[in-house]
Amino acid sequence: MKKFLAVLMILCMAVSLFACAEKFDPAKKSEGVMTYAEYDAAAMDAEVVIEAYVQATQSWWDNKITAYLQDPDGAYFCYEMACSEADAAKLTKGTKIKVTGTKGAWAGEIEIMDAKFEFVESEKWVAEATDVTDLLGKDELIKHQNKYVTFKGLTVSKVEYKNGEPGDDIYVTVSKDGAEYSFCVERYLTDPDTAVYKAVGELQAGDTVDIEGFLYWYEGVNTHITGVTKN
Amino acid sequence: MKRYICAFLALILCLACLSGCHGSKRQELFEIPAEFDTSKQYEITFWAKNDTNMTQVAIYKKAVADFEALYPNIKVTLRLYTDYSRIFNDVITNISTGTTPNVCITYPDHIATYLTGDNTVVPLDELMADERFGLGGSEVRFESPRQDEIIEKYLAEGIIGDEHYALPFLRSTEACYVNKTFVEKLGFTLPETLTWDFIWQVCEKAVEKDADGNFIVNGQKTLIPCIYKSTDNMMIQALRQQGADYSTAEGEIGLFNDTTKEFLLGIAAHTKNGEFSTFKISSYPANFLNAGQCIFAIDSTAGATWMGSDAPLIDIAEDRLVRFETSVMTVPQFDTENPTMISQGPSVCVFNKPDNGEVLASWLFAQYLLTNEVQIAYAQTEGYVPVTSKAQNSPEYLDYLSREGEDNDMYYDIKLKATKLTLEYTEKTFVTPVFNGSASLRNAAGQLIEEVTKGARRGRTVDSAFVDSLYDEMTSLYRLDGIGAGSGEKADLGPLPPTAVALISLIAATWVLIGVYVLVQTLKKRKNQGNT
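Heads up: the protein sequence lines correspond to chains A and B, in order.
The first sequence begins at 1 in our numbering and counts up by one.
The second sequence begins at 1 in our numbering and counts up by one.
Think of the hints as simulated: they come from the structure by calculation, not from any bench.
All values reported here derive from a predicted model rather than from experimental measurement.
Please note: incorrect hints may appear among the correct ones.
Stated by the list, open to error - Okay, the calculated bits of chain A under chain B, using three or more residues with CB under 8 Å as the criterion: (1) 95-107; (2) 165-172.
As the list claims (entries may be wrong) - Computed Cβ-Cβ distance ranges for the label pairs, DEER-style: (3) K75/B to S175/A: 32 to 42 Å; (4) D481/B to T35/A: 19 to 29 Å; (5) L423/B to S59/A: 34 to 44 Å; (6) T77/B to G201/A: 18 to 28 Å; (7) S85/B to D191/A: 14 to 24 Å; (8) E262/B to D191/A: 57 to 67 Å; (9) A509/B to E121/A: 31 to 41 Å; (10) G167/A to D355/B: 24 to 34 Å.
The C-beta atom is built at its ideal place from N, Cα and C for all residues, glycine as well.
The following block holds chain B by itself, in its conformation from the complex:
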């Protein structure tokens, strides 16, 4: 009998232990290896994003080839995307299967979500500071920038919690590309700093039509005076400029406030008047601008090569192109004395893997993207700026900046103007707090504008009640009541799964049986002692 009980208990304990192990395959924390084993072959994957720009693709390919020449034992496989959200979606899918890329272009907002996995993304502080393999390290086989040569403001954008999880790759901001010819034709003079008030004044005048129903300013049937590409940025910048809440660093949501409402109601009124639309609703601002069907096209400085009559990249038929003078200005401001604008652009993160050598190989490649060769070449493709002072101050880059307008390709004046705007206003740029859920909050910020714009276009009454209802809808759609510090309540995680219930019952039963066994043995012992 004793044997049976012992065997039964042992079986239960084994099962409990095995069940406890199942599903908890932990990703170990990355540790910098003592040596980088150059005799071992490493195959790493790099998921990169380009702006549908083949020159950028060529630069990625060259960077891979040059890096592989320096490290013949590392093979880098490039996977190309043209959309950040697709990268985000694919990474999320691959976290669950343990098949994340090694190095990935991404946004810090997205990394915050990746971090909900188990040691999924490698913290970079130790790697950056490592004397041998870190930034400017002694054993790095290329001219890597030192940490103090990365623009501090940009490097800080990769901090999540207390640690760096991303390296900046390139930076841009948003700009307003203005058809100056039309502004002046309408009787206005562009101010030094653009404001929303000025834009709406011009837009109101611009929508006047002649007796045939053509817009007077362009003689066409189509005109949307102001088109915004990224409505999330539009909202975020408007709130920042007015000192209104968006979110705290801890993730407390402040987006749904009265300043937001006032801004939304203003947008709705101007949309109703035919003055405003968005990329999602109407299409690329550049296409309308270049066809003379838009006056204020607000888009990234990284979209500058598509803007203007002589743009090197154009998506509309030649016979639709209109000649006009383009001004590149900061995004519209509320406080002209203290202009602020978003800092954006790709960052790079390194994913954790069981083999520390593989992670080190990935880090070396990520670091290679900060060399002058890659930084300057990529920055020249669009209105991007390099993220290192080493590249920004190099004679090659300074020469590039000095040649604005020499041609309509490499030195295209609108692109160079957008680049200079980004450089000039670096200290005026900002980023939003990053936390798990910050990507959803950003989506909600943009969607508020999309919804009031659609509502106004569709003849709905967009008033305070409409916006209040929208706040509820967005909170629910993006699950904003359950993220960050904003909830203030413990989340209801629902009932325990049946396997967990069974396991806990089994463990409890085991302890009861052990107790019973000990009790029986004690009683038997006493009985035997009593008999003797």
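Next up, chain A with everything else stripped away, as it sits in the complex:
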């Protein structure tokens, strides 16, 4: 009987603990933090405070880091945030941070400038790639700016190394439905030792590919490629 009671109590405690545990909500924001909709509506040059999850970072340099952030509602590009080398190492995929900076636009890219950040205790969250293939060439595409996205069935028109040889960025021109778009392998995001850098370097004009990356903007769509699959 004693054994039975003990097992029953343990079971009850376990069930009650489970019931108490709060379900993880990746969209949840701390007090005083903007929702994505509020950030999106904020005027240029306004101060913004956001919380989101690191999806990738460019290489740390000169106490600064550039980060691609996302939450379930939208994405943010934080350009050259103040960051120590030690903190840069902690900005791993899925890590939640709170960013305070100024909303700006550079060559069409909406970004957070002059930002500083702090870590927020949270479970990790990683965005699934949004398929935006059908939005290429349409005005709606920009609504997904900075998100982790995928494009299916693009045709490679041209692959050019920025300096004519491996080492720096790779400029990739792709086409769909007769229109061409400029994408890029950003060497500070995916350096020449990464699989994607090598895979893109081997692409030939005429190849059909699926591309994943961050929907960056430079005078038009200029996806920073993080993955490529040849069909």
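With chain A held as given, fit chain B onto it using these hints.
Quick look at chain B alone, frame taken from chain A:
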């Protein structure tokens, strides 16, 4: 006992000597070798900068190949950059590991920082003057320019202290690329020499909008009438033109003065009105100019191929291009009777190495970059000018200059106009003093403009107090109170490191023990003498 004491003292002395040697591996001064050993293979590295221009890359590669054909025992490995600051950062990193390149494109400001290392950069005076391997030397295997064939003004820009540490490679200045069509549409006529007053007058008129919120002059929602690419140059030129302080040759900082403040407050007022922005804040002036969204785009003459409706290099979609007439003018002036502008462009330095032969090989390659073949080819890629009279006066180059506008590629009229502006105003150009910290001062000069521009855009009150606070912030950020002659005080280097303290203690203890030993021996000797 004596043996123990002797052994102990010897050990301490050895340790002291060894400790003293650690970390002081000196780079020996370079000496020109008696002969250049052509039987020995040399591998040298050349870190080069291009303007994201593949023709420039091709010229570097051809120069390397042609040089290697002349000197089969020298292999040159090219590493390409598109940003001076990245080269600077990589060189600094590699100085500490002893893995600097052999030859490097750089700015004299950066060399001043490299020179804080131990014989890191080779002084070039002796090399330039050497009868065999120097400029125009008898044993140089190519048609090298003589020293007097390098434009004196440009050569002098490589002097740091009393010696040349850099050869000029190419030179450019800044120009204002003007949408003349819009200026005239707004009812103005371009003056012979552009002034800031004129620019602001046009800008004030340009920001007028119609009832739908479109700018009247371009019918678009976007217009930034004046965009400056390099705000450090903007500040430096404004101060020079007004005879205001920036820094002395010795490195005394004069940047934070009332003329600077007045200039900054003017910029803030015009920014608030939507008339002004910078590359760092908004993007390339050329993109706005070509889209009809900018009237005064101020950038390097080495950016000319990106400017204008027919520019050979364009970054915006074709459907955004607007047709207009472009005028290439000097940067805005304060004193139209005495126009001045910055001299800029890449220079070349040679890094020291333990093998004098390797340094000589590096020098020969650096010198090769001054041949007509390289100078003329590279100058034609942008609004650069060759740095030698030998190249500038060559029939090939004069023919190039005479063909302005023949096509929109090699002879693109805006590029040729920018080149001619650089040539015409060579004697009106200037450079800022170079000293350890001058690169930081330059950054601070630009950052002042960036900060007031951001402040004004962000609705902050940019007034005298704002600027005073900015002066303090910049002084601290760029550590300007501790450089050059400006500090006037000895720097506090902090406490000695523990290893140094231990070493000094050990040496002191050794001397005490020696003293004790000598004293004991003397006393013993006296005692023995007394006994006998």
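| said: Could you work out which of the previously given hints the structure breaks and list their numbers from low to high? | reply: Failing hints, ascending: 4, 8 and 9.
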